[in-house]
Amino acid sequence: MTDVAATPRHRRQPGLLAFLLRRAPLALALVGIFAIAALFGPWLAPHSMTETNLAAALQGPSTTNWLGTDPLGRDVLSRLLGSAQVAAQAFLIVVLIGGVFGTALGLVAGGLGGLLDLVVSRVVEVLQGFPTILVAIVIVALFDPSLTNAMIAVGLAAIPDFARVSRSVAIQLRDREFIQAARGLGAGELRILWSEVLPNMVGPLIVIASFDGAQAVLWEASLSFLGMGVQPPAPSFGSMLREAQGYLAIQPIFAVIVGLAVSGVILGLNLMGDAISDYLDRGGK
Amino acid sequence: MNGHRNWGRMNRAEFLRLLGGAAAAAAVAGPLGYLGSASAQEGGELIVGISSDISTLDPQMSPIDVFRHTIRSTVFEALVFINPDTLEADPMLAESWEVAPDGLSVTFKLKPGVTWHNGTPFTAADVVYSINRVKDPATGSAFAPQLAAVSNVEAIDDLTVKLTLANTVPGILANLAVIQILNEATIADVNTAPIGTGPFLFSNWSPGDHIRVEAYANHRNPPKVSAIEWRIVPDSQARLAGLQDGTLQMVALVEGKDVVQAQAAGIEVIQTKPYILYENFNINTKRAPFDDKRVRQALAHAFDREAYAKTVWFGFARPTINPVPPEMATYLPDSATQFPYDPEKAAALLAEAGFTKDKPLKMEILTPQGFDTLKSMALLLQDSLNRLGHNVTVKEEEVTVWIDHILTNPDYDVTTDNFNTGPEDPASMFNSPNLAPASNVNLWNPEGYADLVAAAAAENDPAKRTELYHQLQTLILDEMPQITVNHLPLFFLGTEAAKSLIIGPSGIDDYTKIAL
Amino acid sequence: MFKYLFGRVIGGVVTLFCVTGLAFFATALAPGNPAAVLLGNMATPERIEAVTRQLGLDQPLPVRYGIWLRETLLGNFGTSNVSFKPVADLLLAAAFPTIQLAVASLLVAVLIAIPLGLLLAQKRNTWWSRPASSLITLGISIPGFWVGLMLIVLFSVTLKLLPSGGYVPPGKNLIGNIRSLVLPVATLAIYLIPSLVRFVRVTAISVLREDYVDTARAKGVRPSAILMRHVAPNTLVTTITYIGLQLGVLISGTVVVELIFSIPGLGRLGLNAVLNRDYPVVQGVVLMAATGYVVVNLLIDLAYALIDPRVRAR
Chain A
1 MTDVAATPRH RRQPGLLAFL LRRAPLALAL VGIFAIAALF GPWLAPHSMT
51 ETNLAAALQG PSTTNWLGTD PLGRDVLSRL LGSAQVAAQA FLIVVLIGGV
101 FGTALGLVAG GLGGLLDLVV SRVVEVLQGF PTILVAIVIV ALFDPSLTNA
151 MIAVGLAAIP DFARVSRSVA IQLRDREFIQ AARGLGAGEL RILWSEVLPN
201 MVGPLIVIAS FDGAQAVLWE ASLSFLGMGV QPPAPSFGSM LREAQGYLAI
251 QPIFAVIVGL AVSGVILGLN LMGDAISDYL DRGGK
Chain B
286 MNGHRNWGRM NRAEFLRLLG GAAAAAAVAG PLGYLGSASA QEGGELIVGI
336 SSDISTLDPQ MSPIDVFRHT IRSTVFEALV FINPDTLEAD PMLAESWEVA
386 PDGLSVTFKL KPGVTWHNGT PFTAADVVYS INRVKDPATG SAFAPQLAAV
436 SNVEAIDDLT VKLTLANTVP GILANLAVIQ ILNEATIADV NTAPIGTGPF
486 LFSNWSPGDH IRVEAYANHR NPPKVSAIEW RIVPDSQARL AGLQDGTLQM
536 VALVEGKDVV QAQAAGIEVI QTKPYILYEN FNINTKRAPF DDKRVRQALA
586 HAFDREAYAK TVWFGFARPT INPVPPEMAT YLPDSATQFP YDPEKAAALL
636 AEAGFTKDKP LKMEILTPQG FDTLKSMALL LQDSLNRLGH NVTVKEEEVT
686 VWIDHILTNP DYDVTTDNFN TGPEDPASMF NSPNLAPASN VNLWNPEGYA
736 DLVAAAAAEN DPAKRTELYH QLQTLILDEM PQITVNHLPL FFLGTEAAKS
786 LIIGPSGIDD YTKIAL
Chain C
802 MFKYLFGRVI GGVVTLFCVT GLAFFATALA PGNPAAVLLG NMATPERIEA
852 VTRQLGLDQP LPVRYGIWLR ETLLGNFGTS NVSFKPVADL LLAAAFPTIQ
902 LAVASLLVAV LIAIPLGLLL AQKRNTWWSR PASSLITLGI SIPGFWVGLM
952 LIVLFSVTLK LLPSGGYVPP GKNLIGNIRS LVLPVATLAI YLIPSLVRFV
1002 RVTAISVLRE DYVDTARAKG VRPSAILMRH VAPNTLVTTI TYIGLQLGVL
1052 ISGTVVVELI FSIPGLGRLG LNAVLNRDYP VVQGVVLMAA TGYVVVNLLI
1102 DLAYALIDPR VRAR
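Chains as they are written, first to last, in the working numbering: chain A, 1 to 285; chain B, 286 to 801; chain C, 802 to 1115.
Okay, chain A solo, but in the shape it has when bound:
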């Protein structure tokens, strides 16, 4: 999304955290829970994520299993915490691939222009022309089903977003005074891009990262729903949803709990993107 105006970093803004607390408490709470689950999941999990117990399969919430058990009697809460970790990995892989390659492409294209811009725009269009899900399936088939392979495809799909935003910011900044000044001091174009232009697009890039990261979590869920993500018995949102929907009429609570958890994480990331975008837009007011 190219909606975020670039602001030179020289302007001081009130704290982001204070802004989020005031204007987007839900986003902060959801992303906070997600982050804690992803970072500390293994320590917080009350039970093993993989230990089965067929005698206690498909139970509703209880004092031993706070969120109930899955069809093999594994603890749902513990598996959700594990899934959050997988989702966070998906997020990181996609944002890293999309962010590093996309930003580099966009920065160079927008900052230097000319033939380079033409070529990069073409590459970006090629990447966009691919239907993400078919690419993901082909990549998984080509190598092996694993989180990393599935997310590489989603990461490729994220490159255009980062590239477009960084390109448009670079174009806007190219002829600003502080850049001209740096150029006047004899700094090389690449050096200017790196030290003057890049720092000024961090805000918009964070916004893209949270939107594309939310998409990454969504795609991870979709692909592991189709059996193309992390390998069993490791939990993931998609494989848990798949298990849950197979038993919809037998244990609906299982489906509701998993559905809420998955949607909560993705919603939190999307709202966070909206909120940060607002923050940058309003200069924190």
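No wet-lab data here; the hints were simulated from the structure. Treat each hint with caution, since some may be false.
[As the list claims (entries may be wrong)] To give an idea of the interface, some chain B residues facing chain C are shown, with a C-beta separation under 10 Å as derived from the structure: (1) G334; (2) V518; (3) R524; (4) L533; (5) E683.
[Claimed, not checked] The calculated label-pair distances, taken between Cβ atoms and stated as ranges, are: (6) L26(A) with N489(B): 50 to 58 Å; (7) T477(B) with T1042(C): 43 to 51 Å; (8) A473(B) with L862(C): 28 to 36 Å; (9) Q860(C) with E649(B): 16 to 24 Å; (10) F178(A) with E872(C): 53 to 61 Å; (11) K647(B) with F897(C): 46 to 54 Å; (12) R191(A) with A1104(C): 35 to 43 Å; (13) Q860(C) with T148(A): 29 to 37 Å; (14) E649(B) with W194(A): 40 to 48 Å; (15) L112(A) with L874(C): 34 to 42 Å; (16) S511(B) with L874(C): 42 to 50 Å; (17) G674(B) with R191(A): 42 to 50 Å; (18) F897(C) with P25(A): 43 to 51 Å; (19) S511(B) with L908(C): 32 to 40 Å.
Glycine included, each C-beta is placed from N, C-alpha and C at the ideal position.
For chain A, the structure is supplied; the task is to place chains B and C on it using the hints.
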């Protein structure tokens, strides 16, 4: 796949797919199959939900299709039909047959007046052509092993065919029940517009979406419905929803969890005899340490068959360690309960073979994608062994890749799988790709095993035959080249009308009785 | 102007070339020999080899690509390895349901998202604007297959109002066709609406901040008139470009929806073909999707060039 009796001779993927999305049909229990609805009306289209597509229209090929019974049961016919109640051969294209006293030849009298869908008459020459086509190695038919003992086939006259056998084959009629008869003149079109003699005409196959056949009015036993359309609906909840809102009238081959949910929603469940299939673990017996039978026996003790049948199959599965069901005359008495779940015994056997907590067993269990019960099996065995301190991983593979790793270029430790028991012929199980002596995925063929299998298949005397099969069961239960987990029926879900489907154990069903 | 359009067309062709080339090599390198998949376990090695040759899979990759490219340019898309039907026929049959689904979903999404986005921009300072935006964001936060299943449970199983799946061609039964598309279109639209609303809202807000809007406001033009006369047209033009770029997302979305609702479209065709190693069909589907993407974006650029004098001057 509808209850292929000789699953064994089909590709594993087929079996697998069968379980995965669904389970095929076979022998309808008792008289159930004949109870048509009283107020049946002529006409109407039967829409059936299936979980995956077929891969070919050629009824003699279909190597990996769970749902090949669609075309095979409707467009084509075989010489005989295995009756699900009696498990004996009923006439189909053959009107009668006579086995020579020495058991080395069979002469078939064909039904007169049968025509192909294009109007040309059906003759003995078509039977000769079809049998030779299956036998020809160049065809690469999945059904070739059924005819291994057939040394010659000739047309005596237009309506008489004589089969010569290299040795006696007590199960020859059961073998012929899966050999579909093709029309030589139109063979070039078999992959696009197949011509058969069956009660339905091929209409259309839209890959990934549907298969459609229409009633053939000139058939001697014309169907009551005007058409059947099999729709591919991969999602199990969507299939159930389709039954509930009337989009579908039948769903073929489902798992225990779907049966439970269908029952709760008031949907009819059509169930075959409870021992048409068995689920199992195949083991690569050529790869250390699985070449050590103590390790294989340990795996058998490490899997809780009772809990698996009760929880994952909701009690619809019957736990057993012996692939031969007790209902068969050749069953080895009291063998089903051998190797009970006993983690301590498993640990002790592994320790004997050199694997302890300090020197854990490293093992990877493969399981094909889309088969939820098989995945649960893999996860349960993994968890059980890892609790003993071993290092077991599970890998879920796309079916095409999995076939490659199991079959084409064997590279695996252990895999989940399932096979047909072949209840009408004790020989068929020992021709399946996990137990056939010459080539099996377990790469297991000890001295004397091949001779024993061949002798048992050719033995005419029931008592001697049973004795030979007892020896075979004793051998595989001790050697444990593969671990049987349970026996299963095949489940269909549907409306009241769907109950008139006759599910044959040979993978050929009768759809002509269904009226909507 | 001509130079600009010429450049765009050339660019589109290059894009198509790259996309199909990548698709070709990716599918060809995937494990699993299609010949072995086709023949199953009874096949002799000789037979597998023969079929491998028959399918042309024994040739080196670049040669295969060259052959494929030549045949494709001649309009020959080959034959499916599985159904032996011409790929062109399969693509044609599958294209219509997908296009119908995509266009209908997009239309519904746009008709809902643009007014909603404008409204949220106009009322951006009211207390309910933020909760309302959050609620809309929920649509992009629930996996599509999950939304689809919930709609089926509610509207097909419980209320028995709409079919749970299947596709009725409009030529066969128009009412049936519409009924069969309601839930799939709803599923896809729920996914498309949030990002569209967000885009429209942000664009509209930036237009609202333009000097000429301030001038109009100062002149006493009513806010609703400003919205209709100045903000809406400007927003619409940018939104169309945005939609063009979102086409890849739309195509991915149709795959999931086609799977859940059993719609015989391109997504299902492509997915099945990948799983069956049916290369000619995979390549055909990717070519079709990429062509659709390039052509639509080209048309949008064209329209843009006609509307916007700055582009025309280039």
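request  = Could you check the structure against the hints above and give me the numbers of any it violates, in ascending order?
outcome  = Numbers 9 and 17 - these are the hints that the structure violates, sorted from lowest upward.
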